[in-house]
Amino acid sequence: MAKPYVRAYVRPNSLAGYPTGPCFTAGHLAETNAAWRSERPVLTLERCNACLRCYLACPDGAVLLRGRSIDIDYDFCKGCGLCVRECGTHALEMVPENRKGEKK
Amino acid sequence: MTGDPAAQPKFLSGNEAVAWGARLARPHVIAAYPITPQTTVIERLADWVAEGSLASEFLHVESEHSALSACMGASALGARTFTATSSQGLLYMAECLTYASGGRFPIVMMNANRALALPWNIYGDQQDSLALVSSGWIQLYIEDAQEALDLTLQAFAIAEHPEVLTPVMLNLDGFVLTHTYEPVAVPSQEAVDAFLAPFETPNKMSLTHPVNMGFTAGPAHYTEFKVQQHRAMKNALKVAADVGRDFARHFGRDHGGAVVPYLCEDAEVVLVTLGSVAGTVREVVDELRSRGQAVGMLKLRILRPFPERHLLQAIGRCKSVGVLEKDVSFGYQGAVFSDVAAALSGQGSKPMLRNFVAGLGGRDISRDDVRAMFAMLQSACDQTGESRLHFVGVEESTHA
Numbered sequence: 000m001a002k003p004y005v006r007a008y009v010r011p012n013s014l015a016g017y018p019t020g021p022c023f024t025a026g027h028l029a030e031t032n033a034a035w036r037s038e039r040p041v042l043t044l045e046r047c048n049a050c051l052r053c054y055l056a057c058p059d060g061a062v063l064l065r066g067r068s069i070d071i072d073y074d075f076c077k078g079c080g081l082c083v084r085e086c087g088t089h090a091l092e093m094v095p096e097n098r099k100g101e102k103k
Numbered sequence: 000m001t002g003d004p005a006a007q008p009k010f011l012s013g014n015e016a017v018a019w020g021a022r023l024a025r026p027h028v029i030a031a032y033p034i035t036p037q038t039t040v041i042e043r044l045a046d047w048v049a050e051g052s053l054a055s056e057f058l059h060v061e062s063e064h065s066a067l068s069a070c071m072g073a074s075a076l077g078a079r080t081f082t083a084t085s086s087q088g089l090l091y092m093a094e095c096l097t098y099a100s101g102g103r104f105p106i107v108m109m110n111a112n113r114a115l116a117l118p119w120n121i122y123g124d125q126q127d128s129l130a131l132v133s134s135g136w137i138q139l140y141i142e143d144a145q146e147a148l149d150l151t152l153q154a155f156a157i158a159e160h161p162e163v164l165t166p167v168m169l170n171l172d173g174f175v176l177t178h179t180y181e182p183v184a185v186p187s188q189e190a191v192d193a194f195l196a197p198f199e200t201p202n203k204m205s206l207t208h209p210v211n212m213g214f215t216a217g218p219a220h221y222t223e224f225k226v227q228q229h230r231a232m233k234n235a236l237k238v239a240a241d242v243g244r245d246f247a248r249h250f251g252r253d254h255g256g257a258v259v260p261y262l263c264e265d266a267e268v269v270l271v272t273l274g275s276v277a278g279t280v281r282e283v284v285d286e287l288r289s290r291g292q293a294v295g296m297l298k299l300r301i302l303r304p305f306p307e308r309h310l311l312q313a314i315g316r317c318k319s320v321g322v323l324e325k326d327v328s329f330g331y332q333g334a335v336f337s338d339v340a341a342a343l344s345g346q347g348s349k350p351m352l353r354n355f356v357a358g359l360g361g362r363d364i365s366r367d368d369v370r371a372m373f374a375m376l377q378s379a380c381d382q383t384g385e386s387r388l389h390f391v392g393v394e395e396s397t398h399a
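These protein sequences, in sequence, are chains X and W.
Okay, so the first sequence: first residue is 0 according to numbering that gives the first Met the number 0, each after it adds one.
Okay, so the second sequence: first residue is 0 according to numbering that gives the first Met the number 0, each after it adds one.
Possibly wrong hints are sitting among the right ones.
[Stated by the list, open to error] If you want the ones that stay clear, here's a sample from chain W, every Cβ over 12 Å from chain X, calculated:
#1 P8
#2 E42
#3 Y261
#4 S378
#5 H389
[What the hints assert, rightly or not] Which chain X residues face chain W? A few, computed with CB under 8 Å, are given here:
#6 Y17
#7 T19
#8 G20
#9 P21
#10 C22
#11 T24
#12 A25
Since the hints were made in silico from the structure, they are not lab data.
We put the beta carbon where it would ideally sit given N, CA and C, even for glycine.
With the hints as extra help, turn the sequences into a complete structure.
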């Protein structure tokens with residue numbers, strides 16, 4: 000499943016750039032929404048058996064299907080850790096944000 | 000003028016004339032809640048839908064708030080929508096009025112002008128619509144049953160115009176106009192179809208072009224939407240004039256522009272008013288003219304957008320101007336008077352101004368009352384401030 004397309008926000012530079020009333024193609028609300036995350040789920044691909052319980056559990060749709068495994072959309076992941084709790088094979092682990100990209 | 004040879008003469012009340020106008024406009028959705036003195040408008044429409052002669056969805060909602068909400072929902076799908084209300088009902092839907100205007104939903108609504116509680120009163124005055132004059136709705140004030148039918152049709156053409164896309168409130172004086180029967184020419188469906196094109200808008204929900212509707216705009220963007228609304232409203236003056244001319248071409252009837260001057264060209268004294276009382280004022284003007292007095296009347300047909308330029312052209316050179324209205328903004332003066340006085344304040348030769356508040360809670364406005372207003376306007380003394388406001392027919396002191 001492809002990541003939903005979120006259009007870049009371009010601020011109108013004059014009245015003429017505004018739509019007629021509050022009615023416009025969606026996509027201007029947010030490009031990222033994850034600023035308050037203190038820990039991130041990190042995937043160890045070799046341990047993933049593609050059960051997709053993380054995909055089902057994610058309340059934000061931030062777990063994306065990628066081939067026979069998954070990927071995390073860090074632009075929208077809030078770091079709640081539900082995917083890690085659901086993961087039966089310890090393929091997902093929470094890693095503090097100050098250790099970006101590091102794995103054990 | 001071509002006229003409409005297939006038109007049918009009928010004997011209709013103001014409410015029935017509005018119902019006929021709404022019927023002939025072929026609305027997809029009618030949502031309404033009954034309230035005196037509006038009830039017979041929606042009774043008639045409901046009858047027609049029930050018997051199958053009107054192919055509209057009629058939504059029996061549980062309140063006026065829901066009536067206008069349902070109209071917005073339907074309008075968001077690109078449907079032509081109609082509703083009607085009055086007084087407390089209009090106030091109950093007040094929250095939705097700004098939603099409809101800000102959302103640019105071109106809903107047409109008839110309002111039977113009626114007094115506001117308390118004290119409880121079901122009779123006519125204009126306090127209801129004037130309390131909501133800044134809600135972003137185009138406000139039209141109607142004098143007779145034929146105009147009621149004709150303007151209901153024109154209202155859809157004005158509201159749905161791409162440069163306007165703003166809802167329209169048609170105001171009829173409660174009982175005096177809503178329940179008075181008059182001969183009315185009811186246009187043929189063919190003639191109306193030739194005049195009023197089906198509603199088309201890009202601002203709607205669509206499976207092929209999905210949009211985000213009714214969204215938030217914070218401090219960075221809200222003002223721009225309000226400026227757009229203001230300009231669309233201003234556009235309505237020109238569009239309403241065009242629509243009126245087009246209507247006259249199709250049906251041979253012209254009810255005048257945003258303002259209708261009556262014998263104002265050489266008048267020194269003019270009474271400005273709106274709604275059905277214009278008929279009484281016109282008769283008194285005729286009577287005083289026959290005695291050689293230079294008096295006239297200016298009827299406001301459109302109150303929002305305010306036709307400032309038209310008003311100045313018609314009465315800008317008068318010596319004395321009165322405003323007769325059935326409302327008061329408590330603690331100051333009549334709402335219409337404030338508008339008229341503001342328009343005239345930019346003039347080099349400022350006329351003397353007086354405000355006559357009359358007809359509250361359905362009290363009759365007699366010819367004698369109007370004669371007395373003209374007499375006051377003709378008296379030379381300048382009136383400023385609070386003393387410009389006169390509550391007609393109220394005795395200030397007792398003579399026990």
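Evaluation of the provided hints:
1. P8: W:P8 is indeed farther than 12 Å from all Cβ atoms of chain X, at 41 Å.
2. E42: holds (33 Å)
3. Y261: Non-interface label on W:Y261 holds, nearest chain X Cβ at 38 Å vs cutoff 12 Å.
4. S378: holds (49 Å)
5. H389: holds (42 Å)
6. Y17: holds (5 Å)
7. T19: holds (6 Å)
8. G20: holds (3 Å)
9. P21: holds (5 Å)
10. C22: The hint holds - X:C22 has a Cβ within 8 Å of chain W, the shortest such distance being about 4 Å.
11. T24: holds (6 Å)
12. A25: holds (4 Å)
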